[in-house]
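A.B. asks: Turn these sequences into a full structure, and let the hints steer you where they fit.
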Amino acid sequence: MKQLWVHGLRGVCVVLLTASVCFGLHAQPAASTPALREAAPMAEDPQLEARLVNISQELRCLVCQNESLASSHAELADDLRREVRDLIRQGKTDQEIKDFLVARYGDFVLYRPEVKPLTWVLWFGPFVLLLVAAVFLGVYLRQRRQQLVPAVLSDEERARAQQWLKG
Amino acid sequence: MIPELGHFALILAALVALIQGVLPLTGTFLRDPQQQVVLQSLARPTAALQCVLVAFAFGALATSFMSNDFSVSYVAQHSNSLLPKAYQFAAVWGGHEGSLLLWVLLLAVWTLAVALFSRSLPLDMVARVIGVLGLISVGFLLFILTTSNPFERLLPAALDGRDLNPLLQDPGLVIHPPMLYMGYVGMSVAFAFAVAALLSGRLDAAWARWSRPWTVIAWTFLTFGIGLGSWWAYYELGWGGWWFWDPVENASLMPWLVGTALIHSLMVTEKRGSFKAWTVLLAIAAFSLSLLGTFLVRSGVLTSVHAFASDPKRGVFVLIFLAVVVGSSLTLFAWRAPRVTLGGRMGLVSRESFLLANSVLLVVATAAVLLGTIYPLIIDALNLGKLSVGPPYFNAVFAPLLVPTVFLMIPGSVARWRDATVREIAYTLRWTALAALALAVALPFVLGGWSFGAAFGLFLGCWVALGTLQQVLDRVRKPGRIGASFWGQHVAHLGMAVLVIGITGVKCYEVERDVRMQVGDVVTIAPYTFRLDSFSDVRGPNYKAVRADVQVLRNAELIEVLQPEKRRYFSSAMPMTEAGIDSGFMRDLYVSLGEPLNDARTEWSMRVYYKPFVPWLWGGILLMVLGGLLAALDRRYRKSTQRVDA
Amino acid sequence: MKKVFIPLIVFLGLVVFLAIGLQRDPREIPSPLLNKPAPDFSLSTLEGDEKFSPAQMQGKVWMFNVWATWCVACREEHPVLVAFAQKHNVPIVGLSYKEIQPQDEAAKSSPEVKLQVARERSVVWLKRHGNPYVTSVMDLDGRVGIHYGVYGVPETYIIDKQGVIRYKRVGVVTPELLADKILPLINELNKS
Numbered sequence: 001m002k003q004l005w006v007h008g009l010r011g012v013c014v015v016l017l018t019a020s021v022c023f024g025l026h027a028q029p030a031a032s033t034p035a036l037r038e039a040a041p042m043a044e045d046p047q048l049e050a051r052l053v054n055i056s057q058e059l060r061c062l063v064c065q066n067e068s069l070a071s072s073h074a075e076l077a078d079d080l081r082r083e084v085r086d087l088i089r090q091g092k093t094d095q096e097i098k099d100f101l102v103a104r105y106g107d108f109v110l111y112r113p114e115v116k117p118l119t120w121v122l123w124f125g126p127f128v129l130l131l132v133a134a135v136f137l138g139v140y141l142r143q144r145r146q147q148l149v150p151a152v153l154s155d156e157e158r159a160r161a162q163q164w165l166k167g
Numbered sequence: 001m002i003p004e005l006g007h008f009a010l011i012l013a014a015l016v017a018l019i020q021g022v023l024p025l026t027g028t029f030l031r032d033p034q035q036q037v038v039l040q041s042l043a044r045p046t047a048a049l050q051c052v053l054v055a056f057a058f059g060a061l062a063t064s065f066m067s068n069d070f071s072v073s074y075v076a077q078h079s080n081s082l083l084p085k086a087y088q089f090a091a092v093w094g095g096h097e098g099s100l101l102l103w104v105l106l107l108a109v110w111t112l113a114v115a116l117f118s119r120s121l122p123l124d125m126v127a128r129v130i131g132v133l134g135l136i137s138v139g140f141l142l143f144i145l146t147t148s149n150p151f152e153r154l155l156p157a158a159l160d161g162r163d164l165n166p167l168l169q170d171p172g173l174v175i176h177p178p179m180l181y182m183g184y185v186g187m188s189v190a191f192a193f194a195v196a197a198l199l200s201g202r203l204d205a206a207w208a209r210w211s212r213p214w215t216v217i218a219w220t221f222l223t224f225g226i227g228l229g230s231w232w233a234y235y236e237l238g239w240g241g242w243w244f245w246d247p248v249e250n251a252s253l254m255p256w257l258v259g260t261a262l263i264h265s266l267m268v269t270e271k272r273g274s275f276k277a278w279t280v281l282l283a284i285a286a287f288s289l290s291l292l293g294t295f296l297v298r299s300g301v302l303t304s305v306h307a308f309a310s311d312p313k314r315g316v317f318v319l320i321f322l323a324v325v326v327g328s329s330l331t332l333f334a335w336r337a338p339r340v341t342l343g344g345r346m347g348l349v350s351r352e353s354f355l356l357a358n359s360v361l362l363v364v365a366t367a368a369v370l371l372g373t374i375y376p377l378i379i380d381a382l383n384l385g386k387l388s389v390g391p392p393y394f395n396a397v398f399a400p401l402l403v404p405t406v407f408l409m410i411p412g413s414v415a416r417w418r419d420a421t422v423r424e425i426a427y428t429l430r431w432t433a434l435a436a437l438a439l440a441v442a443l444p445f446v447l448g449g450w451s452f453g454a455a456f457g458l459f460l461g462c463w464v465a466l467g468t469l470q471q472v473l474d475r476v477r478k479p480g481r482i483g484a485s486f487w488g489q490h491v492a493h494l495g496m497a498v499l500v501i502g503i504t505g506v507k508c509y510e511v512e513r514d515v516r517m518q519v520g521d522v523v524t525i526a527p528y529t530f531r532l533d534s535f536s537d538v539r540g541p542n543y544k545a546v547r548a549d550v551q552v553l554r555n556a557e558l559i560e561v562l563q564p565e566k567r568r569y570f571s572s573a574m575p576m577t578e579a580g581i582d583s584g585f586m587r588d589l590y591v592s593l594g595e596p597l598n599d600a601r602t603e604w605s606m607r608v609y610y611k612p613f614v615p616w617l618w619g620g621i622l623l624m625v626l627g628g629l630l631a632a633l634d635r636r637y638r639k640s641t642q643r644v645d646a
Numbered sequence: 001m002k003k004v005f006i007p008l009i010v011f012l013g014l015v016v017f018l019a020i021g022l023q024r025d026p027r028e029i030p031s032p033l034l035n036k037p038a039p040d041f042s043l044s045t046l047e048g049d050e051k052f053s054p055a056q057m058q059g060k061v062w063m064f065n066v067w068a069t070w071c072v073a074c075r076e077e078h079p080v081l082v083a084f085a086q087k088h089n090v091p092i093v094g095l096s097y098k099e100i101q102p103q104d105e106a107a108k109s110s111p112e113v114k115l116q117v118a119r120e121r122s123v124v125w126l127k128r129h130g131n132p133y134v135t136s137v138m139d140l141d142g143r144v145g146i147h148y149g150v151y152g153v154p155e156t157y158i159i160d161k162q163g164v165i166r167y168k169r170v171g172v173v174t175p176e177l178l179a180d181k182i183l184p185l186i187n188e189l190n191k192s
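Order-wise, the sequence lines are chains A, B and C. First residue of the first sequence? That's 1 in my numbering, and the numbers climb one at a time after it. First residue of the second sequence? That's 1 in my numbering, and the numbers climb one at a time after it. First residue of the third sequence? That's 1 in my numbering, and the numbers climb one at a time after it.
Worth flagging that the hints you see were computed from the coordinates, not collected in a lab. Fair warning: there could be bad hints in the mix.
Derived DSS-like pairs: lysine-lysine, alpha-carbon spacing no greater than 27 Å straight-line [stated by the list, open to error]: (1) Lys60(C) x Lys87(C); (2) Lys116(A) x Lys98(A); (3) Lys92(A) x Lys36(C); (4) Lys36(C) x Lys98(A); (5) Lys161(C) x Lys60(C); (6) Lys98(A) x Lys507(B); (7) Lys116(A) x Lys36(C); (8) Lys271(B) x Lys3(C); (9) Lys36(C) x Lys60(C); (10) Lys181(C) x Lys87(C); (11) Lys98(A) x Lys168(C).
Quick partial rundown of chain C residues pointing at chain A, CB under 7 Å, derived from the structure [unchecked claim]: (12) Ile29; (13) Pro32; (14) Ala73; (15) Gly142; (16) Ile146; (17) Tyr151.
Backbone N, C-alpha and C fix where the C-beta goes; we use that ideal spot for every residue, glycine too.
C.D. replies: Structure follows, in structure tokens:
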């Protein structure tokens with residue numbers, strides 16, 4: 001019965017904790033603010049821009065020291081973003097846009113390397129390593145247990161041990 | 001005069017380091033006990049002397065900076081008379097040569113610390129450890145003296161310096177590199193202990209007990225250093241990113257991952273005498289990765305925003321040094337490790353096996369980061385073309401590897417030593433599991449929308465947090481004194497939980513608005529309103545800037561006025577963005593100024609961000625740092641014992 | 001071979017790769033356009049309104065050189081190109097790449113004005129430094145450059161009689177490069 005109380009109390013605590021966290025985080029309803037001019041987004045077409053950001057985050061700025069096309073301020077980056085925008089407007093898919101750039105600049109422009117035989121080791125290596133390590137671990141631990149069988153005392157040794165402990 | 005004295009001090013330091021590296025170690029190989037003691041006793045004094053000499057050299061360089069001595073080439077490249085004093089000092093490590101001098105100084109400081117706090121160690125171990133550290137010092141000092149001398153003169157002297165890179169003119173520069181280097185260099189102590197153990201053949205629980213506090217302190221510094229770097233990038237670069245999987249960042253993450261594995265593996269070796277060979281290998285690996293990082297950053301083999309100006313000659317030296325240090329220690333390992341004894345029994349499910357799994361997972365994660373970082377180099381070296389490996393790869397591969405690692409933190413710390421069962425662990429953790437699941441399912445709705453990614457990340461974070469809380473409560477209820485290392489462990493684990501929640505929160509729920517603003521315009525990200533009030537021109541000690549005043553309101557109540565700036569430093573053509581940030585407990589509000597959109601400069605592009613849980617990133621890291629400090633300061637390390645545990 | 005040697009062997013392999021890596025330039029990007037047809041385009045030239053297209057060069061081995069008046073390195077390579085044009089019978093076509101930069105005053109003008117300003121500047125520059133080009137096409141917005149995989153200035157291509165790109169040089173053309181790589185290649189291509 002007492003166990004039930006304890007568990008029940010714990011459960012109630014969890015629910016209360018969850019609820020209070022929810023209330024704490026929940027935004028208060030905003031009081032009405034006087035009408036102010038909402039700033040216009042930089043992009044003319046926010047949806048297109050969002051797609052541009054998604055694609056260009058996976059592309060490399062070719063003239064920078066390791067920056068993505070999305071965040072770079074370099075002139076070539078501006079030009080390439082302009083190209084990508086045009087391609088999006090023409091209705092090209094993400095893959096087609098990437099192919100367009102790879103055809104001109106090579107694999108170097110992709111921050112996410114394509115999965116092809118050249119990059120199998122890169123993409124699958126860590127997981128293969130994990131698998132191999134897990135297997136080794138299991139085998140090792142099992143082997144270890146067999147190697148270190150605890151010594152079992154014979155009856156005579158046990159009797160002697162008892163004597164020493166008493167004396 | 002002072003630069004020449006500094007240079008001379010470095011030469012002397014190299015000689016002393018050579019003595020420090022060779023003689024005490026020789027003393028451990030001799031047969032005659034008296035000769036042994038004589039040579040081994042040289043360890044501590046030479047370590048102290050080397051530290052004094054390197055500190056003098058460092059002081060000489062710092063003096064050159066603070067006194068605007070532009071006849072020193074390095075000072076002329078990295079400083080300026082208008083540069084504020086604090087940055088003039090920090091500029092000492094703003095470039096390659098000076099940062100190496102900092103490296104060597106910190107190595108000398110760590111060595112001195114080992115010399116001072118090793119009373120309970122037998123003399124031959126002290127000799128070996130300090131000897132190995134001495135040999136490493138020799139390598140770095142030679143590197144400085146032959147390829148990277150900070151004291152080179154510029155004749156005729158420059159009238160004024162080129163100024164410190166504006167990106168580095170920030171409190172972050174003053175503290176991030178020293179903390180990071182304390183971590184990198186600190187791993188050399190664990191390395192030295194490992195090599196000493198291999199040389200002496202005495203690889204046992206006592207060795208683990210000696211190594212652990214040094215490793216924990218190094219790890220703590222490394223954690224702090226990486227966290228500072230991340231925080232610095234976040235507020236300094238102006239668009240709120242905090243981790244970019246840049247090669248230099250990866251170079252700091254890899255020793256951290258292996259260092260974490262090492263600390264946990266040392267626990268098992270200390271307690272049960274098991275995994276000795278594996279622990280030694282981890283200790284060698286942690287420092288090797290530090291050295292590898294040094295190579296990657298300074299040799300020019302990889303492009304990075306952080307890379308120092310590269311010089312092939314330097315790259316060759318570091319590579320040879322790396323090959324010698326790591327190659328010889330791995331050879332020593334291959335030779336001596338098989339003789340190591342096995343240690344205690346353990347079940348397939350036990351605290352030990354969980355800790356071993358933790359090791360394995362962290363090592364595989366490290367291998368993944370290493371692979372991704374140098375894969376372009378490998379493909380290029382094989383003449384198979386040029387490709388890039390960027391954040392999309394690391395995010396896709398690293399996260400799945402870390403998920404089980406983080407998850408197993410809790411069952412691993414609950415499992416009994418020697419033998420445990422899955423059933424009993426599951427039973428102990430049943431309420432934690434349920435609560436974590438409940439929170440994971442419920443919280444996303446409150447935070448802004450349900451997504452599986454958010455729920456998954458929150459589950460992981462809550463699982464670790466609640467599991468840690470449960471263990472603390474369980475222990476507190478029992479009688480008996482609780483040591484600092486208990487608190488250290490759980491505070492650090494809690495820090496990890498907070499970090500995981502922070503990452504989940506910011507990745508899933510951040511809102512960005514890229515807008516054009518004139519005075520009077522607002523941006524609304526409920527419940528916050530950002531109103532652009534004015535632009536003003538300001539002048540700093542070595543820059544001019546345009547500052548925007550942005551009022552941040554919550555429900556029409558003013559919380560803060562943010563003042564993002566666009567700075568033009570006199571010495572650089574590159575404009576710099578200083579973001580305006582309001583940090584709360586649960587979120588950051590972040591505004592950065594872009595470019596003027598008209599000639600009159602009345603309309604600017606601006607970025608406004610709502611970044612929930614970002615403070616939890618820093619909070620989590622600080623908790624881990626606190627945990628590390630507590631663990632290292634546990635009484636049992638400070639009590640000097642003469643007894644050597646078997 | 002014992003397992004304990006695995007870390008050492010892996011490490012030594014790593015060192016070998018790093019050593020090779022020291023000799024490579026991580027920022028140099030090989031062109032995927034090698035041995036592929038040169039992308040077609042039609043652009044106004046420096047001289048007049050008659051447009052130029054690479055198809056006009058069919059049957060000849062020619063050099064395509066990317067340059068601009070604001071490019072400092074181009075001044076270094078220019079005398080080499082001028083000397084080459086005088087000595088050899090290989091036509092050099094210039095690609096005036098983004099002559100009007102974004103921070104330029106003229107950048108805000110209409111396309112016609114921009115073209116005019118770009119032509120004027122280029123003519124003045126070529127008068128001063130010599131003109132090795134049979135003609136120079138005006139790629140004001142850099143679009144053609146992107147099709148050719150241009151990411152820096154100067155860059156130079158060697159294109160064969162069938163209009164296939166056979167060589168790309170990123171960076172300055174030096175006399176040594178001309179002697180060792182470019183001339184032998186042109187001679188070979190001319191034989192076919």
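A.B. asks: Which hint numbers doesn't this structure obey?
C.D. replies: 14
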